[in-house]
Every structure is written in structure tokens, then in C-alpha cells.
Amino acid sequence: MTLTHPAYEQLRQVTPSAAVVLADNPSGMTLQGTNTWLLRAPGATEYVVVDPGPKDRAHTEALVRETGGEIALILITHRHADHTGGIDHLVKATGTPVRAKDSEFLRGSGTALTDGEVIEAAGLRITVLATPGHTEDSLSFLLDGPDGERALLTGDSVLGSGTTVLESRDDALADYLDSLNRLVAEAPGRHLLPAHGPDHADAEPVIRYYIAHREERLNQVRAALEKLGPKAGSLRIVAEVYADVDKRLWPAAQSSVKAQLAYIRSRG
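Residue numbering for the sequence shown follows the UniProt record's numbering, starting at 1 and increasing by one per position.
Just so you know, the hints here were simulated from the structure itself, not pulled from any lab data.
The calculated lysine-lysine pairs, modelled on DSS-like cross-linking and capped at a C-alpha distance of 30 angstroms, are:
#	residue 1	residue 2
1	LYS55	LYS92
2	LYS247	LYS231
3	LYS227	LYS247
4	LYS247	LYS55
Pairwise CB distance ranges, derived in the manner of DEER restraints:
#	residue 1	residue 2	range
5	ALA212	GLY69	39 to 49 angstroms
6	LEU235	ASP147	50 to 60 angstroms
7	GLU215	LEU11	35 to 45 angstroms
8	ASP144	LEU218	26 to 36 angstroms
9	GLY108	PRO188	32 to 42 angstroms
10	THR163	GLY68	32 to 42 angstroms
11	ALA239	THR111	42 to 52 angstroms
C-beta: ideal position from N, C-alpha, C; glycine also.
Based on the provided sequences and hints, a complete structural model is requested.
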């Protein structure tokens, strides 16, 4: 029987070269859980693992079981614990080097990932894209496989459902809009492989929705400032703009609003 999303701690083949194991860590922030992507061209003997997931032995055991421990490289999309917490368990089990943008997460012979770098591993060509906004160290990966297979792994920059929380730093939204524009330029003909939520056979419309949604939220924040006054704080804006959102998610919404306010106020 073909598995469908969500399928916890089971290997679900998505494209000829990309399979996913979904961690059993659902929440309001992680959606159904964190997707760990296992990349390997047909006929290759080793995998590239993208995001080992949370610190959860059952998840690590599932990754070792499904790969047979034959992992050439571990790549990290960004620093959050639901993506990086499982690093040391997986490294201990397999001895695999880990590469990330942030040196905190490097293991073994792994070196820091750089924008535009091309990695040849597991029979695949993987190109690194810097896509900050959700976090400053956020990366996405272009996957090019045999027979013209093309996919886009977006980490938390673009999810399979819902929208992305931004860091509260002043430049986060400007960075994020640049990242979305970069991703949409690469999206045509690529399968979307996000770090949370279901995959999508066509990445482009999902990313275009993200761009439109972000512009809509900006306009809502501008309208709230006109109503509440130009000095209104982020929490008052959240209560106005996100009134229909579960209040348990308001702290995350406040982070995004802080980034949007900084963006609006820096541009007059």
C-alpha cells in the first residue's frame, strides 16, 4: 500500500530520489511533525539526510533502519531544535559528517555550507541556496537527479501548508521577501519538499501563494497602524490582525509582526 502524509516513522517515497520519514512531534508550530528527507538516486548505495529531526530515539532509530546506516552526509536547513536535536544520536549511530551554515552544528569532517555551493553525493547534484528570513541561517536545497528529476527542499522557508514564522530581527522580512523571490525563480518544474506538512508536485504556485500572503499581511499591519496609531506595539497589532488565530500561536505571530513593523517603519 502506498503511504500518504502523515505517516509517522515510516519511509514514504515521494520522488524517485527523495523519501521522507516524518517525526512524531506534531504541534501548533511543527504541524504534523518534522520531515526528515532521505535523498538517494536510484541505484546509489548511500543517502544524504536533510534534517535529522528532534531529539527522539525512536526517530533516529527509524532513520538508521530505513537507510541501513549508509549515510554519506547530513545537511541542516536551519538551527531550530526540531531539525537539529537528533544530530548527535544519528552521528553516534552512523559516524556521518554533518554540514550546516552555523558552525555549532558541524560534526566530523563537515564544513560550513555556503550559498551557491554544489554538492555531488548519493548520485545527486544538490545546490545550496541561502534563504534567510525564518532564521538568519536558513538554507534551501535544489535537488537535481537522474532522468531530469528536479526538486526543491525549502526547510521552514516554505511549508507544505500554513505559513512561516519570521524572526523578529529588523531585516528579517526584507531578507524573507528576497528569499521567496529567489525560490520562485528556481521553482518551475520542481517538486516542493518542505520541512513540515505535505509535499507538492509543483513548487511554483505554493511559493507564489506565500509571496501574495506576505503582501496581504503587510497591508493588514499597515491598516492596523492607521487604526491604532503609528506607535502601536506588536501585541496590539497581533490582536487586531490575528484575531481569528488560536491565541496559543500569538507569540509566534508577534515575532512575525515585529519583523513586519520594522520593515514598514524603515520604509516610511
